[in-house]
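Q: Residue-level listing of the chains:
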Amino acid sequence: MVEFRIDRRSGVATYLQIVQQVKQALRLGLLAPGDKLPTAKEVVAATAINPNTVLKAYRELDREGLVEARPGLGTFVRRSLARPQAAAGSPLRAELADWMHRAREAGLEREDVSALLASVLEEGFDGPAGTTGTAAREAT
Amino acid sequence: MSATTVSRTAAASVVRRPRALGITWVVRRQHRTAAWIALAVLAALCAELLWLRGAMTGYVAEHGLAVPCRPEGDCAAFTAAVDGFRLRYGDVLGYNVLLLEFLPLFAGMFVAGPVIARELESGTYKVAWTQSVSPLRWFAAKLGLPVAALLVGASVLSAVFTWSWRPVGHLDDGLLVDGTRWYEAFDALGPAPVAGVLFGAALGALTGLLVKRTLPAMAGTAFACVLLSWPLTTVRPYLVDPVTTTRSASSDYPPSLHGGDSWHYERGMTTPSGGRLPDAGCIEAAGISRCVTRHGADGWYLDSHPPAHFRRLEWAQAGLVAAAAGVCAAGALWRVRRLCP
Amino acid sequence: MTGLTFQPDRTALEAVGLGVRFRRRWALRDCSFRLPAGRVCALVGPNGAGKSTLLSLAAGLRRPSEGSLTVFGGRPGAADVRPRVAYLSQDKPLYPQFTIADTLRMGRELNPGRWDQGAAERTVADGGLSSGARIGDLSGGQRTRVALALAFGKRPEVLLLDEPMADLDPLARHEMTAALMAQAAEHATTVVIASHVLAELEGACDYLLLIADGRVRLAGEVEDLLAAHTLLVGRHEGPGLPREFAMHTVVEARATGRQLTALVRADGPVAGQWRASEPSLEELLLAHLRAPDAPPLLAPSAEPRRALRAAA
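Protein chains in written order, with numbering that gives the first Met the number 0: chain A, 0 to 139; chain B, 0 to 340; chain C, 0 to 311.
These aren't lab readings, by the way, just hints derived from the structure by calculation.
Hints may contain errors.
Said to hold, decoys possible - Distance ranges between label pairs, derived from CB positions:
#1 C:277 x A:81: 30 to 36 Å
#2 A:110 x C:6: 37 to 43 Å
#3 B:121 x C:73: 39 to 45 Å
#4 C:277 x A:92: 34 to 40 Å
#5 C:6 x A:81: 50 to 56 Å
#6 C:169 x A:10: 35 to 41 Å
#7 C:264 x A:10: 51 to 57 Å
#8 B:336 x C:124: 50 to 56 Å
#9 C:169 x A:99: 53 to 59 Å
#10 C:124 x B:325: 49 to 55 Å
#11 C:132 x A:92: 54 to 60 Å
#12 A:118 x C:124: 41 to 47 Å
#13 B:60 x C:135: 41 to 47 Å
C-beta: ideal position from N, C-alpha, C; glycine also.
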């Protein structure tokens, strides 16, 4: 079961925050196929947001094929976003950890590393996937 | 699956629940404390009246006051016993009469006016009106129940008082209860307090509905009640045809306004053509018959009600007061319809 | 639980030419709007704008002076409408001598066949209140909770709340909003919350009704209303509005030094060197309150249907 944290001041639409948090949980393996998402009532009882916002987020996740709504039962996870290539102990992760170590030894601060990563990320994943965050807008 | 559980628990809770009373439950719960206090006061008053009747009839029997003293006999002991009776019970009777006379004022000022005005003033009516019952039904219960309780209470109190007063009310030509004779205790006897309470309640309700605030409603009700009691006492003797006695101007004195158990309420002069003139204070003039002749009159008349008129007068007045209550109630109903959205 | 709670085709509230006059002053004038069922609607406006008047009309406590307001197509206060509407007035009047249990019993006695004792008791218990407590001894926030329990117990289809959070601390405010949203999620209740504190509504409401000076200024889905407006920032050139604004509806334009900030209802793309962004809800509301002459905007879903039918 996941718990959503809604940040009203973030400027990111509330339903997108839920979508992103579900995806994050799927990536980290906190949610696995067959798991049940909290009902809209449970979510709004904890977060005090509009129930239609939760339902809109779930509909979005359903559209992306990540979850499915079973009438009368709830909303269930269909597939995971966890990649074995990104799991702890994977070669890719070990290489990145090694790179991070070298960057630190070269005298880079946390902010420097973060900026460098973001810029390489932008180059590597140029396209629609890169603009998801900026399309967000303040809405209920 | 969940539906069956829900319906089963609902059925179980229906069985456990007390009977549904609707709006009457709310009104009863609201005025529970006041109702118990009123009931206790009523019981105490009834007990007091029960004692009073016992004490008075006991005194009458002990001193033989039931049979008037013959003028030829020695009446000193009898007169002393009458004085003793009046000394002992005169004040108590007086206070009881006063209490019953103020019952209509009480009903309007402390019950019918505030029960509505307090709700309209504090806004609590909004809670009741936005549930599932209509405002009209709410008004009906809110006014109907307390007024019904008041009428029952007034009927009991009036009946018990009348029952206590009756054995001594007409003894020794009413002298025994001088100050609370039948025409003096008129508003405390028979149907008068009940009709009065009905009127007071209707007036209080109307005032409460009009001014919508508790204290002004109380003040307004009290003012209107006192104001309207004056025309009532003025018109009262004319509700039933009186017994008229006449006397010629040549006799020394005009007929007396005092004495006996009859209610002598109006004295005046008669003209030769059969017309009537006011008293004009001739009784205080040096030459009474000369004063009468100077006014162009030739005799005296005296209008009075003997005790036999008592019942007819009581019911005539009760009818009049009830009609006035009906007018107030109609006004209150009009106001309720105006207030109902 | 999978479909959206609002039902776009059902109408909860509909006003056509609605007006209310108090002696000489018009509290509401010429109000027309529609609220689809299942929405959580923020009724926003400055103090004295007519919010309370509108809610008391919908609750059946008052009659309109002109025009009409219907709740589920019926007259508010009609025998078949009254049981479906719950109302919390601003001062939350309850009988002070009653205990909480008495107050809930009153709800049951006055709502025969409708009352949900469990829901009412849960709302009270969630606030840590004991049912034997007297209403007169409760704090403002606790009284609000009992009033809300009374409203929930009625199982309303429309819940009208007049400044419900005014006397609540932040925690109680959050709990109460959460309880409201859970109610809306579970029963698809239409909720109308009047407030002049925007912070307590943002995120909870998906519909907006802005009234000022007794008139409707904005009505519609929050998303649609925000999308219909653009916040433009650019260089301020000389007096008057830039020529390229002419084809758009300018709600408000403010010049600070050389910078011009304008909220416009853009009709197509805006020419020129302008930094465009979508306004926040607060920016949208404040701009409309500062510019009382801006034309009102009703989203298509907020257009009254009876008026359309009458015109057709």
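Q: Which of the listed hints are not met by the structure?
A: Checked against the structure, the hints that fail are numbers 2, 3, 5, 6, 7, 8, 9, 12 and 13, while the rest are satisfied.
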